[in-house]
Each structure stands twice: as structure tokens, then as C-alpha cells.
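Undergrad: Produce the entire structure from the sequences given, and follow the hints as far as they go.
Number of protein chains: 2
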Amino acid sequence: MKLLEEKILREGKVLPGNIIKVDGFLNHRVDTKFLDLVADEFRKYFDVSRITAVLTAEASGIPVATICAHNFGVPLIFAKKAKSDNIENGLYKSEVYSYTYKKTVTLILSTEWLGPNDRVLIIDDFMANGNAVHGLVDIVNQSGASLEGIGIVIEKGFQGGGDRFREMEGVKYRALAVIDSIENNKMTFRKFDE
Amino acid sequence: MKLLEEKILREGKVLPGNIIKVDGFLNHRVDTKFLDLVADEFRKYFDVSRITAVLTAEASGIPVATICAHNFGVPLIFAKKAKSDNIENGLYKSEVYSYTYKKTVTLILSTEWLGPNDRVLIIDDFMANGNAVHGLVDIVNQSGASLEGIGIVIEKGFQGGGDRFREMEGVKYRALAVIDSIENNKMTFRKFDE
Numbered sequence: 078m079k080l081l082e083e084k085i086l087r088e089g090k091v092l093p094g095n096i097i098k099v100d101g102f103l104n105h106r107v108d109t110k111f112l113d114l115v116a117d118e119f120r121k122y123f124d125v126s127r128i129t130a131v132l133t134a135e136a137s138g139i140p141v142a143t144i145c146a147h148n149f150g151v152p153l154i155f156a157k158k159a160k161s162d163n164i165e166n167g168l169y170k171s172e173v174y175s176y177t178y179k180k181t182v183t184l185i186l187s188t189e190w191l192g193p194n195d196r197v198l199i200i201d202d203f204m205a206n207g208n209a210v211h212g213l214v215d216i217v218n219q220s221g222a223s224l225e226g227i228g229i230v231i232e233k234g235f236q237g238g239g240d241r242f243r244e245m246e247g248v249k250y251r252a253l254a255v256i257d258s259i260e261n262n263k264m265t266f267r268k269f270d271e
Numbered sequence: 078m079k080l081l082e083e084k085i086l087r088e089g090k091v092l093p094g095n096i097i098k099v100d101g102f103l104n105h106r107v108d109t110k111f112l113d114l115v116a117d118e119f120r121k122y123f124d125v126s127r128i129t130a131v132l133t134a135e136a137s138g139i140p141v142a143t144i145c146a147h148n149f150g151v152p153l154i155f156a157k158k159a160k161s162d163n164i165e166n167g168l169y170k171s172e173v174y175s176y177t178y179k180k181t182v183t184l185i186l187s188t189e190w191l192g193p194n195d196r197v198l199i200i201d202d203f204m205a206n207g208n209a210v211h212g213l214v215d216i217v218n219q220s221g222a223s224l225e226g227i228g229i230v231i232e233k234g235f236q237g238g239g240d241r242f243r244e245m246e247g248v249k250y251r252a253l254a255v256i257d258s259i260e261n262n263k264m265t266f267r268k269f270d271e
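Protein sequences appear in the order of chains A and B.
Numbering of the first sequence is given in my numbering, commencing with residue 78 and proceeding in unit increments.
Numbering of the second sequence is given in my numbering, commencing with residue 78 and proceeding in unit increments.
Source of the hints: derived by calculation from the structure; they are not laboratory data.
Please note that a few of the clues may not be correct.
Since the list can't tell identical chains apart, any single copy or any two copies may satisfy a pair.
Stated by the list, open to error - Derived DSBU-like pairs (lysine-lysine); straight-line CA-CA distance at most 35 Å:
(1) 263 <-> 79
(2) 179 <-> 160
(3) 98 <-> 79
(4) 110 <-> 179
(5) 160 <-> 79
(6) 263 <-> 160
(7) 170 <-> 263
TA: Dropping the structure here:
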């Protein structure tokens, strides 16, 4: 998505450790008008008329997933991060290792809100190694719902998470901007046939 | 807001400890179409043409605040919960005691994203004792921005948080449904002159 790549170059920053900071428009201060364009772009790749819900994980995926769900006319569901070991019944659970926080977190979702009749589009703001989205796919599988696709706003291609999904049979995966390398603070985007 | 009260009675549940569960439409599975009506209702009480941003705290306030920001044509800003004691510079910070989790969390917001020229509407899904919103007001004050109002979807009136804001001079506060008591699982809503 050309507009997104331009916005990343204009407003994003590269921090030490190849951290890409886009918190001025995506995940701290959120440009809600731009998210309409992001939702329109996802609409090109996924048949959103088929989906019954958009699924994401708290917290930074929620704004973009909310706008997508809103514009596609379906509910948003967000998996929560368990706050204690004392997790109640009636939940789908998936353990996810977070490299950012160097610990395992458990994603939880009430079994009330997702079931075999659902057709789910997973949306997240960022993909690095892909662990969080693997946890969401795991939860979709537990629920018996069908996975209609996975849409990511920005993928750090050099961390390999996105390619693991591209290689999966029967999974529609799309990232709107894929950063394949960062050298001397300069980002290179992967080219796709649109 | 009559439609909201009806939805709470129809879809909400009262759990032991006077916990009100509305996670089927507000803060786990989110009814994005209904949030349009919530945003329209806030528009009656606040002059949204004046605001420059909608502010909330992660995580459960983000969906409703995102739709409000989107529909009012301004950015959404969400304060994050600090994940470690090792907090970087360039942040507004406010310590908030959470009764739910029985611990103090620090709300943080990058100083880049809020300043003296901003006019802020705070939006949150729930108000109990009001500590989280006090933290957000504290952050608005630190930034030098002006506070245009505080809009809450559901207030647990019997916990007193909302009344503390109603008594504050110069603060516009509005909750769309105020639950004043729960007896034998029956909720009673506060009546307002609309």
C-alpha cells in the first residue's frame, strides 16, 4: 500500500534494535481517517461480505481492528491478556511468548463470543515473529470457527513471521507494508504484484 | 440513553460482587454499529467540533474511543499501562490504583502526542471509583491541553466515581447510563432530565 509506505517513511522512526516506531499514527496516537484507507485496502484482499467478526489481541491492535469491524459492519472481538494465573472457566486460551516483554502471556477469549458458525478475519497492527497472531489462529481453531484471512498493517519481513503464514496452506495472509531490511536507518519495502 | 439501558438489561449480567458484565457488546465482543449510536449521543453533550483528540486508557476503553474519534474526525490517543519500572523519558505519567487488579499501575503517554494546543475529550467504557479517569485528567493537565469533557458509557453510580467529577467546577461530565443500585440482580438506573 503505497500511501502507507510513504506515511511510514515520513512519520516513522527507526530506534536502536531495529524497532520501528509508528506511534504517531498507528498505535499510540491513532490517525482514524487513515485507518479508513487501511480498511479499504484490506477489502481488496479479503471477501469481507463473508465474515462474521474481526478478531485482534489487546492492546495496540484494537484501534485498527475496530475501524475494520465498523466499516465491514461486523462485531470486533479482542482476545485479552490474562492478568493472573487464576483464569476462570469458559475460555479459549493460547500461550504466546512475547519477545518485547521477554515473557509468556496467555491470550484468553470467552467461549461465548466465538463458535463454529463464525467466519473470522484476524487484523493486527504489527507482525514481527508472528507469535501473537499464531495465538489468535489457535483460538479460532479451538472455537471451530473458520479463518477467512489474516490482515496485518506493517510486517517486519526480516523477522520471518509473515513468511510462516504465507507458506501455510489454505491461509489467506496479507500485510499492507513489508519492511524487508533496515540499514543505516533506511527501510526497504518488499515489492508485490498488486 | 434509553437504548443503552435497554441493552444493558437485555444483554448484561450481574456477577457476584456487583460486577456488571457487558462484554457481549462493549468490551470483549464489541457491537461496532451500536457504538455509532453511543458516539451520536456524546455529540449531544459535548461540542465535538472544538476537540482536537479523543483520549482513553488501554485496553477496554479503546474500541468506543476509537469509534468516537473516527466519527468526530479527530485522532484517538490512548494512554498505555507501563509494563516495567524502567520507564523512558519524554512521557506524561500518572499512578492509578486499580481495585480490579489490587495494584497500582502507571499510565503513560508520550509528550509528543499531547500539548497546550490540544482540546481533549476523554472517553471510557466504564466508571467505578473513577481512578483511571483521574489519571487521564492528570495527564491532560500535565500536557497543558484543555479538557473539553469526560464521556463515560456506563457508570456504576453506587461507587461514587462519577459524582466526584460532577462536583468538579469547570468539568463537563456525562455518563450515558448510571446504575445507582443492584439488588437481587436487579439494576436501577439514575434518572436525568434529558
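Undergrad: All the hints need checking, so say for each whether the structure fits it.
TA: Results of checking the hints against the structure:
Taking the shortest Cα distances, residue 263 and residue 79 sit within 35 Å of each other inside one copy (17 Å), while across copies they are farther apart (54 Å). Taking the shortest alpha-carbon separations for residue 179 and residue 160, both the intra-copy value of 16 Å and the inter-copy value of 11 Å come in at or below 35 Å. For a Cα distance limit of 35 Å, the shortest separation of residue 98 from residue 79 inside one copy, 18 Å, qualifies, whereas the shortest one across copies, 42 Å, does not. In this assembly of identical chains, the alpha carbons of residue 110 and residue 179 lie at most 35 Å apart only when taken from the same copy (34 Å versus 37 Å across copies).
In this assembly of identical chains, residue 160 and residue 79 lie within 35 Å of each other by CA distance solely across copies; the values are 34 Å between and 39 Å within a copy. In the homo-oligomer, the alpha carbons of residue 263 and residue 160 lie at most 35 Å apart only across protomers (29 Å), although the nearest pairing inside one protomer, at 38 Å, exceeds that limit. With identical chains, the CA atoms of residue 170 and residue 263 are at most 35 Å apart between copies only, with a shortest distance of 32 Å across copies and 39 Å within one.
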